[in-house]
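A.B. asks: Chain by chain, the residues run as shown.
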Amino acid sequence: MDSTFQSSMQSTMIQATGLTHYYGPFPAIQDVNFDVRRGEILGFLGPNGAGKTTTMRILTGYMPPTRGTVTLDGYDVVEKSLEARRRIGYLPETVPLYTEMTVTSYLKYMGTLRGMPPKLIKGRTDDAVGLCHLEDYRKTIIGKLSKGFRQRVGIAQAIMHEPEVLVLDEPTIGIDPIQVVETRRLIEDLGKSQTVVLSSHILPEVSMICERVLIINEGKIVAEDTPKNLAEGLQGVERLEIEIGGPVTDVLPALRKIRGVSRVTHRSLTQKELYTVHVESGKDIRDEISKAVISSGWRLLSMQTVGMSLEEIFLKLTTHEDL
Amino acid sequence: MRTAQAVAWKEIQVYFSNPTAYIVGMMFLALSGFFFARDLNDPFPQASLENFFYGANIVLILIAPALTMRLMAEEQKLGTIELLLTSPVRDWEVIIGKYIASFVFLIATVSLTLYYTVLLYVFASPDPGPIYSGYLGLALYGGAALAIGLLCSTLTSNQIVAAVVAMGILLVMFFADLASDNIGGTASTIISEISIRSHFDDFDRGVIDTKHVVYYLSVIAFFLFMSIRALESRRWR
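Chains as they are written, first to last, in this note's numbering: chain F, 80 to 402; chain W, 1068 to 1304.
Next up, chain W with everything else stripped away, as it sits in the complex (with noise of 0.2 angstroms):
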């Protein structure tokens, strides 16, 4: 366990002494914030951040595989990888330390939204349940996101390949649901359930649903462990 710490605190350093974390971070509050302030101008305005839970979702299809490209796929690049794998550390351990590496830099990138919830209460008196619910489910479906981004780059040298394939998983799994109205029965409703999106929607309304908690946590749990697969069969190839 020790050793998954020192992974997760290397690679939270490098995180916050990268620029390229800060520019992946400043894009998901620009945009963002955008979609708050898109709710903010509306003739009748609500003070609730319901739009821009559904903006961070679409964003964070874009950001979460740009902060996950680099954890694997630099290692094989750089070769840093054989130090690694040689070194008496579990392949657990350096997935696990890698994933929460990130997600700590999301949650951080996150917290700076906070700001919004501190606007709506000067300004407004809002409903706090969803607002809770809302960053509990965006902190699940951000962290979904980030495991699909770490499988990714755990299966290439390439960043840009580990990136793009994670966007393109992502959008999938986000339509989903959009592609199931066109089938009936059961394979409708197993595809519309796979949609990492319609579960989201009991978070933006106030509903903390034990269902779609499970489901992220399914999420997360399926693809950190298909990346330590990966990591394992390298050994192999």
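Chain F extracted, bound-state conformation (with noise of 0.2 angstroms):
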């Protein structure tokens, strides 16, 4: 079985449906579908001003879609904000932090905002300032430290309140490269206990960490796969969207028998059966994958092949690093 079709079988954390958020009359995402499961973590990768912000803030309950809804945990981002907040840690691109505090009373005060019980925020603190390695730096003022402690601070107040999901915007960028490592370990060690969000640019980081990416470009979301079947969609594979009306089980194995498909993923939404089709490159198998729907007396609903090609939406990420 698929592994992307075994995951909308367990349990899901995060299910966004139909995202669209307009700045002024210009739309920043659109129709952005995806939903993460308990305990994974999900890459958003894209190049700058491709809408993984704007995706992160409404996640995080920060501001509402135009259109569409987010559920966190069963509890919709709007209408139950607060109970959606408790379970979120979340560290904006930006990494605000109150510059005249030292970081101590920062992450303590932080602790309070996210309603840790006060006994449970000493204890926290330090194991926070521990896993980000600011040991050394308890009692600095927040404005005298570097960007990368400054990086860090906001990381470890993200953490400390252990959230069930952690969101993460480009949580690497402007750091040294050895921090870069640490806290790419850092993810991965969370991520085998939290639910992880995260946001980059950069091709290799996200295949490093994450389990699933989603590739977005021009707000809208252009691939999702895991990062090993990445590599494949470099490689001139052609991509097919399909809707289909008829039972999951029997559509995909029928779909993966048609001659030139390489790879077939599905993903449920609500009333909508998505398979997406990896044909190899050249072929136009179109006729066939209709007559193969319509002869089994399914429906097909939508078919369509994927605009953009990969290749030019990596064109444009930072594909590698210098480490």
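Hints in this document: simulated from the structure, not taken from any laboratory. Please note that the accuracy of each hint is not assured.
To be verified - Cβ pair distances, simulated, as ranges:
| id | chain 1 | residue 1 | chain 2 | residue 2 | range |
| --- | --- | --- | --- | --- | --- |
| 1 | W | SER1224 | F | ASP110 | 26 to 34 angstroms |
| 2 | F | GLU322 | W | ARG1157 | 37 to 45 angstroms |
| 3 | F | THR349 | W | TRP1076 | 41 to 49 angstroms |
| 4 | F | ASP366 | W | SER1224 | 53 to 61 angstroms |
| 5 | F | THR349 | W | TYR1089 | 54 to 62 angstroms |
| 6 | W | ALA1097 | F | LYS218 | 32 to 40 angstroms |
| 7 | W | PHE1289 | F | LEU380 | 49 to 57 angstroms |
| 8 | W | ARG1302 | F | ASP110 | 16 to 24 angstroms |
| 9 | W | TYR1199 | F | HIS212 | 51 to 59 angstroms |
| 10 | W | TRP1076 | F | LEU380 | 53 to 61 angstroms |
| 11 | F | LYS218 | W | THR1256 | 57 to 65 angstroms |
Yeah, the Cβ is synthetic: ideal placement off N, Cα and C, and Gly gets one too.
Reconstruct the complex from the two isolated chains, following the hints.
C.D. replies: This is how it looks when you write it as structure tokens:
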């Protein structure tokens, strides 16, 4: 069974449906759908300005989407905002910190805001300081810390209340390579017990940490896959997005049997079964697919080739880094 | 409620560890002290704080916005509001916490003027009534000014804009009863009742009239309510 197919069977932590957000007349994201399974590390990969930060802000309840809904552990982030926010640890892209506070007083303050019981705060502050290697800077005024250390303080505040969902917007931006490695290791460790959603514009970073990657470009999700399969996307494989009305367990094998199909993934949306068919390059198999679907008595509801090729998007990404 | 306390406590610490607040407090003491001293130089001085309270009213128009301008504007400038609004904190808890902090600092500053009272008691025998009522009135008046300042700070990320707009609103409300003289009828009554200053006169004379207490409490409640609404509206902008 396909890995993404399995994922839809397990319990979902975050479910985003039809997210659209406009800044004035400009759409920042359009009809973004995805779900995140409990304990998964999901990466948002996309060039700058693709809509990653907008998506994260909607996830965390900072701003409501123009259209669409997000539920977090079953709570709608707009309607049941407080319940949803209780489950979140968030590191915004700009790492906003109160520059006049010391590291520990800041962490304790954030812990209180997050509703931690006072008894826990002391111990968890020490834990967070330890995990982020800030031991020598407990009493330092945040304003005097370098960019890299501020980033660590930002991560510390996001993890100190042991949130069920960790949302990290560009967590490794602006820090030096050694710290980058440490930060990635930290995120991987956290991902063992928590659900992590992170964004990045660096391809290797996402492939190293994440179990599943969403590629977002110009406000739309253009691909969704495991990092391993993404490499395949680079080798000129074309894709078809198909909506079929029929039993998933029968449709999947039937699609895979068609000649020229290299791989099929499946997503369940509300009242929608979407299949992404990866086609060996140079072949047009739309005829075969429609025949197969119709002859089995299922309904072919939509079929489209995916617009922009992954290669073009990857060109805009940071595809390598010098470590 | 615990989060409102945490917000208040954090802001109080900022006030007391920040030079700006001390400068603002010092300005208040120097200017209000000037009004008190002027009274004493009178050929026939009265053992009262009447002039000091009047002066303090004027000075608070400048001081209150200076104390509140940072509260919400800075959160928006630094972006820390993003963490604040994504924490499980209710909007009113943020506003009330910030308001309490500014009120505590104002009361701390005003209480330093209590030595004027001590001076009066050492050198004369003042009537205690107007002193009690005057301080109560000053606390209410100051509270109203801070609430107005807090609303302005919530509406912008620019501290200067917040302060200037708050001063403008306070000045208009302060002189509203003068403008009302030029208009007749009901409009005149309404405008003079809006005046933040005319409601203070009775306190200065030693009268605690429920009407005036209710006025100041209403102003505080109205502007705090508007601040909470303004913070909420941030999510939709």
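A.B. asks: Could you run down the list of hints and mark each one as holding or not?
C.D. replies: Hints, verified against the model:
1. Here the CB-CB span from W:SER1224 to F:ASP110 is close to 31 angstroms, well matched to the stated 26 to 34 angstroms.
2. A hinted range of 37 to 45 angstroms holds for the C-beta pair F:GLU322 and W:ARG1157, which are about 42 angstroms apart.
3. Evaluation of the 41 to 49 angstroms hint for F:THR349 and W:TRP1076 yields a pass: the beta carbon distance comes to about 45 angstroms.
4. A C-beta distance of roughly 58 angstroms is found between F:ASP366 and W:SER1224, which places it inside the suggested range of 53 to 61 angstroms.
5. In this structure, F:THR349 and W:TYR1089 meet the distance hint of 54 to 62 angstroms, their C-beta atoms being roughly 58 angstroms apart.
6. Under the hint 32 to 40 angstroms, the C-beta atoms of W:ALA1097 and F:LYS218, about 35 angstroms apart, fit the expected range.
7. A hinted range of 49 to 57 angstroms for the beta carbons of W:PHE1289 and F:LEU380 is consistent with their spacing of about 55 angstroms.
8. Taken as a hint, the range 16 to 24 angstroms holds for the pair W:ARG1302 and F:ASP110, whose Cβ atoms sit roughly 22 angstroms apart.
9. Separation of W:TYR1199 from F:HIS212 is about 57 angstroms and conforms to the stated range, judged on CB atoms against 51 to 59 angstroms.
10. Distance hint check: the CB atoms of W:TRP1076 and F:LEU380 are about 58 angstroms apart, consistent with the given range 53 to 61 angstroms.
11. For F:LYS218 and W:THR1256, the Cβ-Cβ distance of about 59 angstroms falls inside the hinted range of 57 to 65 angstroms, so the restraint holds.
Checked against the numbered hints above, the structure violates none of them.
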